[in-house]
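Enquirer: In case you want the letters, here they are:
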Amino acid sequence: MDESSDKSLAKPQPTANRGKSGGKAVGARRKAGKPRNYQKKTPKLLKNKYAQKKLEYDDITKRQAAVKARVATSYTAEEAGYMVAEGAEDTLEVTQDKLKELVDINTASKIFELDLPMTGPFALDYSPDTNMLLIGGQKGHVASFDWRKGNLRSEFQVDETVHDVHWLHNSTLFATAQKKYAYIYNYHGQEVHCLRGHVKPRQLEFLPFHLLLVSSCDFSRLVYQDVSIGEIVASFKTNLGVSRAMVQNPWNATINLAHNNGTVTMWSPTVAKPLVKMLCHRSPVDAVAVDPTGHYMATAGQDNKVNLWDIRTYKKLNTYDTKQAATALSISQRGALAVSSPYLTCVWKNSFKEAQAKPYMQCSMSTDYIKTLKFCPYEDVLGVGHSKGFSSLVIPGAGDPNFDSYMPNPFNTRKQRQEREVQQLLEKLRPDMITLDPTFIGTLNEKSDERKELDRKKKDLADRQARRQKRSQRSTRGAPKSKPMRIEAADASSGDEVSDHETTIVAGDHQSKSDEDENVTADTFTAKKKRKGRNSTLRKLETQRQRQSMDSRSNRQVERLDRDQQRQDRKMRNTPYNTDAAQSDQPRAALSRFYKGKRTNRPS
Amino acid sequence: MKVKTISRSVQEHSRSRASDNHVMRRNITTTHNPFQRAREYVRAVNAAKIDRMFAKPFVAALDGHVDGVYCLAKHPWDLNAVISGSADGEIRIWDLASQQSVWTAQQAHQGMVRGTCAIPKSRRFLSVGNDRLVKVWHPEQEMTDSAAHRSSDNAGKGKQSRLSFAERARLAALEAQEDNDSNDESGDERLLGDSDREAEEKEMNDEDQALYQYGSQQGFLGKTRGLVRNWDGTQTGIERHRLGAVQPVATFQGEDSFSAVDHHRNQSVFATSSSVISIWDINRSQPIKTMEWGADTINTVKFNQTEVDILASCGTDRTIILYDLRTQSPLTKVVTSLKTNAISWNPMEAFTFAAANEDHNVYLFDMRNLSRSTRIMKGHVSAVLDVDYSPTGEELVTGSYDRTIRIFSKNDHLSRDMYHGRRMQRVFCVKYTMDDNFILSGSDDGNVRIWKARASQKLGPIRNKEKSKQEYNEKLRNRYKHLPEVRRVLNNRSVPSSVSKALNKKLTMLKSEKRREENRKIYAKNPDGEHKSEYKKSIIQVTHK
Numbered sequence: 000m001d002e003s004s005d006k007s008l009a010k011p012q013p014t015a016n017r018g019k020s021g022g023k024a025v026g027a028r029r030k031a032g033k034p035r036n037y038q039k040k041t042p043k044l045l046k047n048k049y050a051q052k053k054l055e056y057d058d059i060t061k062r063q064a065a066v067k068a069r070v071a072t073s074y075t076a077e078e079a080g081y082m083v084a085e086g087a088e089d090t091l092e093v094t095q096d097k098l099k100e101l102v103d104i105n106t107a108s109k110i111f112e113l114d115l116p117m118t119g120p121f122a123l124d125y126s127p128d129t130n131m132l133l134i135g136g137q138k139g140h141v142a143s144f145d146w147r148k149g150n151l152r153s154e155f156q157v158d159e160t161v162h163d164v165h166w167l168h169n170s171t172l173f174a175t176a177q178k179k180y181a182y183i184y185n186y187h188g189q190e191v192h193c194l195r196g197h198v199k200p201r202q203l204e205f206l207p208f209h210l211l212l213v214s215s216c217d218f219s220r221l222v223y224q225d226v227s228i229g230e231i232v233a234s235f236k237t238n239l240g241v242s243r244a245m246v247q248n249p250w251n252a253t254i255n256l257a258h259n260n261g262t263v264t265m266w267s268p269t270v271a272k273p274l275v276k277m278l279c280h281r282s283p284v285d286a287v288a289v290d291p292t293g294h295y296m297a298t299a300g301q302d303n304k305v306n307l308w309d310i311r312t313y314k315k316l317n318t319y320d321t322k323q324a325a326t327a328l329s330i331s332q333r334g335a336l337a338v339s340s341p342y343l344t345c346v347w348k349n350s351f352k353e354a355q356a357k358p359y360m361q362c363s364m365s366t367d368y369i370k371t372l373k374f375c376p377y378e379d380v381l382g383v384g385h386s387k388g389f390s391s392l393v394i395p396g397a398g399d400p401n402f403d404s405y406m407p408n409p410f411n412t413r414k415q416r417q418e419r420e421v422q423q424l425l426e427k428l429r430p431d432m433i434t435l436d437p438t439f440i441g442t443l444n445e446k447s448d449e450r451k452e453l454d455r456k457k458k459d460l461a462d463r464q465a466r467r468q469k470r471s472q473r474s475t476r477g478a479p480k481s482k483p484m485r486i487e488a489a490d491a492s493s494g495d496e497v498s499d500h501e502t503t504i505v506a507g508d509h510q511s512k513s514d515e516d517e518n519v520t521a522d523t524f525t526a527k528k529k530r531k532g533r534n535s536t537l538r539k540l541e542t543q544r545q546r547q548s549m550d551s552r553s554n555r556q557v558e559r560l561d562r563d564q565q566r567q568d569r570k571m572r573n574t575p576y577n578t579d580a581a582q583s584d585q586p587r588a589a590l591s592r593f594y595k596g597k598r599t600n601r602p603s
Numbered sequence: 000m001k002v003k004t005i006s007r008s009v010q011e012h013s014r015s016r017a018s019d020n021h022v023m024r025r026n027i028t029t030t031h032n033p034f035q036r037a038r039e040y041v042r043a044v045n046a047a048k049i050d051r052m053f054a055k056p057f058v059a060a061l062d063g064h065v066d067g068v069y070c071l072a073k074h075p076w077d078l079n080a081v082i083s084g085s086a087d088g089e090i091r092i093w094d095l096a097s098q099q100s101v102w103t104a105q106q107a108h109q110g111m112v113r114g115t116c117a118i119p120k121s122r123r124f125l126s127v128g129n130d131r132l133v134k135v136w137h138p139e140q141e142m143t144d145s146a147a148h149r150s151s152d153n154a155g156k157g158k159q160s161r162l163s164f165a166e167r168a169r170l171a172a173l174e175a176q177e178d179n180d181s182n183d184e185s186g187d188e189r190l191l192g193d194s195d196r197e198a199e200e201k202e203m204n205d206e207d208q209a210l211y212q213y214g215s216q217q218g219f220l221g222k223t224r225g226l227v228r229n230w231d232g233t234q235t236g237i238e239r240h241r242l243g244a245v246q247p248v249a250t251f252q253g254e255d256s257f258s259a260v261d262h263h264r265n266q267s268v269f270a271t272s273s274s275v276i277s278i279w280d281i282n283r284s285q286p287i288k289t290m291e292w293g294a295d296t297i298n299t300v301k302f303n304q305t306e307v308d309i310l311a312s313c314g315t316d317r318t319i320i321l322y323d324l325r326t327q328s329p330l331t332k333v334v335t336s337l338k339t340n341a342i343s344w345n346p347m348e349a350f351t352f353a354a355a356n357e358d359h360n361v362y363l364f365d366m367r368n369l370s371r372s373t374r375i376m377k378g379h380v381s382a383v384l385d386v387d388y389s390p391t392g393e394e395l396v397t398g399s400y401d402r403t404i405r406i407f408s409k410n411d412h413l414s415r416d417m418y419h420g421r422r423m424q425r426v427f428c429v430k431y432t433m434d435d436n437f438i439l440s441g442s443d444d445g446n447v448r449i450w451k452a453r454a455s456q457k458l459g460p461i462r463n464k465e466k467s468k469q470e471y472n473e474k475l476r477n478r479y480k481h482l483p484e485v486r487r488v489l490n491n492r493s494v495p496s497s498v499s500k501a502l503n504k505k506l507t508m509l510k511s512e513k514r515r516e517e518n519r520k521i522y523a524k525n526p527d528g529e530h531k532s533e534y535k536k537s538i539i540q541v542t543h544k
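Chains as they are written, first to last, in numbering that gives the first Met the number 0: chain W, 0 to 603; chain L, 0 to 544.
Here chain W stands alone, though its shape is the one from the complex:
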């Protein structure tokens, strides 16, 4: 949820003459001694003064750009909707019929019902530009229409079960999950593709930045298909039975599945196991919803509970009891949570920020089964797909009033839509970029640098060692061209080094090894002396022995580096991947406990 927009919700400010007063306020603040954001000093990080200067310059331009962008958007900002009770009134008592009288004609026209009792219950989806609505009835009735103007674009009967419907990257193509396969239709309602990779799909999702169509199928299968090239990117067996609900996390593009055993699992197409498995209910999970910021999740179980979660810490925020088990959930752009149970749809406002005593709005429905709830983006509208058709409800303050023209927007022209399609294809993200933390790109991977440094040192040592070995072999093979004085000197210095920072075990090891060497060399020495009886052999053997001891020294260095590396690794594992404390409280605690236990086992 956007903090700034939240504030404006709490205290609506008139947008008029904001520019003037805003400017004055900024000036006053600066006089009071608060430095302007981009005048912050860059810390001295670099030795090279030109590089440092460049860094400072970059920093300043970056800050200036950020300030400018903020100012620019604040000027274009529109005010969000609201409904405030006056006196003894209660927002909860405002029905849709009452609301129709309170709002303008334009908004009132957004409250409507489609009575389709023969072909329900209905799944629904708003197109990315919010103009088109797609509904798919269980009995095979599929229709797409401009819901604001009421223009029908396509309507057809597929003569088999339709479990779910979903728009693809724009309002020209949509997918349906039918009895046996998933299908793609164009805006005329003509079948374009039959996706045989999705066998018996139950739920559909579409990741707009990765252009992936995701379906959760029977036989507990999860299928990712790239719609731009048609390739099936991943197909997993979840081994958790048929999922009861599927939703994407818009922040990191992970797929959240709700299961019969009370868990919610999060999936990425590159990992065949769930990234996260959360036990959310002591009963089957019926519905799941993630808010657009990706911070919060709501789950509804058959235990008549709705649980709210912070999925940065995986902690439960709150629990609401429902009279009957909720069947569908949806979270709006500004954090309103819609919960549907038989004959009733409730909307909770601000429920992720603080515990609410009662819902913000509620609407009694004429049916006992509500299949789908979806808030329309950039609108104060909630779409409800149920067994008797479709209802469009107005929830003031649900949608974000400020859309971005460079993203799918309600007023895009045909040309803009086409341009955007090209942009989407060019900027398609690879499936392997889907992770729990999408900000990992562009952050410095310090771990690997340290690792590299260690590896490099290790390799250097190994090389040197190999070279020495080779040389010693050569010298023993060839004529005795020994340089005993020099090697002795080197050995002496190395001995000092060793005594400085080697542990007793290794030193002992060294001792035993050299003892061994002595035994061996003593034997060979006597043998060779017998054979030749010359002093040169003695010297040669001497040097050889010394070289071997040098090798053992570099061996020890390698060991030391290994140990360093292991220590480093342990440290890495101990510190969570994400340094944001709020996001990674739980795993860190778990891991530290693990290592603590291990440490105590070590002999001190």
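Hints listed in this document are in silico derivations from the structure and should not be mistaken for laboratory results. Hints may be right or wrong, so weigh each one.
Claimed, not checked - Straight-line distance between alpha carbons at most 25 Å, and here's what the computed SDA-like set of lysine to any residue pairs gives:
| # | chain 1 | residue 1 | chain 2 | residue 2 |
| --- | --- | --- | --- | --- |
| 1 | W | K52 | L | E348 |
| 2 | L | K524 | W | Q543 |
| 3 | W | K414 | L | E348 |
| 4 | W | K67 | L | K466 |
| 5 | W | K458 | L | K466 |
| 6 | L | K531 | W | D459 |
| 7 | L | K510 | W | R470 |
| 8 | L | K474 | W | N47 |
| 9 | L | K520 | W | R467 |
| 10 | L | K524 | W | R470 |
| 11 | L | K1 | W | V83 |
| 12 | W | K52 | L | N463 |
To be verified - Which bits of chain W does chain L cover? Going by a derived footprint, with three or more residues having C-beta under 8 Å, they are:
| # | region |
| --- | --- |
| 13 | 82-92 |
| 14 | 126-135 |
| 15 | 214-224 |
| 16 | 343-354 |
What you are looking at is a predicted structure, and each value in this text was computed from that prediction instead of being measured. The beta-carbon is built from N, C-alpha and C at its ideal position, and this holds for glycine as well.
Given chain W's structure and the hints, the job is docking chain L onto it.
Expert: Below, chain L alone, put in the same frame as chain W:
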């Protein structure tokens, strides 16, 4: 009950007329723009790919010389003109915009033309050759008297002076040609009907007509050796030859065959190199001063363009010598491990010069401290034969015996780009044009080639939108250039097999040399004493006078 809902009107959010701009609104919060970093990274990869996709640096080959082109000169005040001299003694002036040879002097020298250089603030230029002669040329004076009169009468002096060096040369050649071949009108008739031509003539004054006719005289096709390609690829222009008609305005006799010539920036003094450095006054027949310091033969002489009385030369005895014209004596001598082939002064930093060395490297030197080079530019796999600074002093272009051209940023030790052509032979001379946008190369195969200085740059005017997009892409590439995927795309070059083979061989040799050096260090009495900075390695001796 106070209620407000989102209710937008179409009028507010769409343009009222088709000529208006679209109403664009921004919401830059991360909720509405997720995956910003990932998307930017993808954009950076795309920008890198686009950069390599559009990297078509070759613009044109100026065809005309029969033998290899061994010297090139640009005019310091005229963007359009370039003078080239070839091994068969021919000198040509090229008009870069039309890519045509506009003036030719066959047999300008007996044997090779070794150096040419434009005389600043004038229309004349100098050339030296193996025939021990220095010649001063004035392409404009080639006009016959009648033609000269006509052009001065009609065009007027003001207009004449506005013409560029190349245009004047072309004009001169034209006028003379017109006089020689005034009877031959068949070419014109083939292209234009009589009536058409008369109409054209009425519209144009004589000068314009002369220029126009130049393009239309198809009748000289038989006398030309080849066609020259225009910007748009059409072959319209005709190369012109005036056999035996060109004469120098002055000739100086030297004692030895010359190897190079360079003119002082603001005095009427020029320097030539042979076995000695000779300083000539253009008004005297004998050199006013000769300077030498040991070298048998001197390859190059170059005036500093900022500290104008300083000269640098390099000789076959592996020396680089600096001279001062004010004391009229040498200053400093550096002996390098291998011979230096060419020198270029940085036009922006008076004390910096680049030396193209036989050991495949280019060394940058600070004139004030020659005991170490300030930078070593590596990459060529054969001797570097010529080097030239860009007019901004930010970049260097080098031509090598390995048939490639490399471009270096002044702060980098590896090349930014490498150009090669299937038909391009050993590159003996390279020049950066004065507008910083093009590179000229003269090679053994007798062509002068025009290359873009930035391989993927789009030529011609571009719209603001495109420009801002290009700038954005440039920023992206810069930001992500260290990431492996982007780096791989950006650094990928198709290298001729001869070069890649030589490179592998060279790397092996360097590696083994390094290994040997390390071994030496291990056994050395004083390993630290063995260490010599890379920047000092190739410098053997520095002597001051």
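Enquirer: Could you run down the list of hints and mark each one as holding or not?
Expert: Hints and how they fare:
no.: 1; hint: K52/W / E348/L; verdict: 21 Å, holds
no.: 2; hint: K524/L / Q543/W; verdict: 20 Å, holds
no.: 3; hint: K414/W / E348/L; verdict: 52 Å, violated
no.: 4; hint: K67/W / K466/L; verdict: 22 Å, holds
no.: 5; hint: K458/W / K466/L; verdict: 48 Å, violated
no.: 6; hint: K531/L / D459/W; verdict: 21 Å, holds
no.: 7; hint: K510/L / R470/W; verdict: 18 Å, holds
no.: 8; hint: K474/L / N47/W; verdict: 22 Å, holds
no.: 9; hint: K520/L / R467/W; verdict: 13 Å, holds
no.: 10; hint: K524/L / R470/W; verdict: 18 Å, holds
no.: 11; hint: K1/L / V83/W; verdict: 5 Å, holds
no.: 12; hint: K52/W / N463/L; verdict: 30 Å, violated
no.: 13; hint: 82-92; verdict: holds (count 6)
no.: 14; hint: 126-135; verdict: violated (count 0)
no.: 15; hint: 214-224; verdict: violated (count 0)
no.: 16; hint: 343-354; verdict: violated (count 0)
Comparing the model with each earlier hint shows violations of hints 3, 5, 12, 14, 15 and 16; every other hint is respected.
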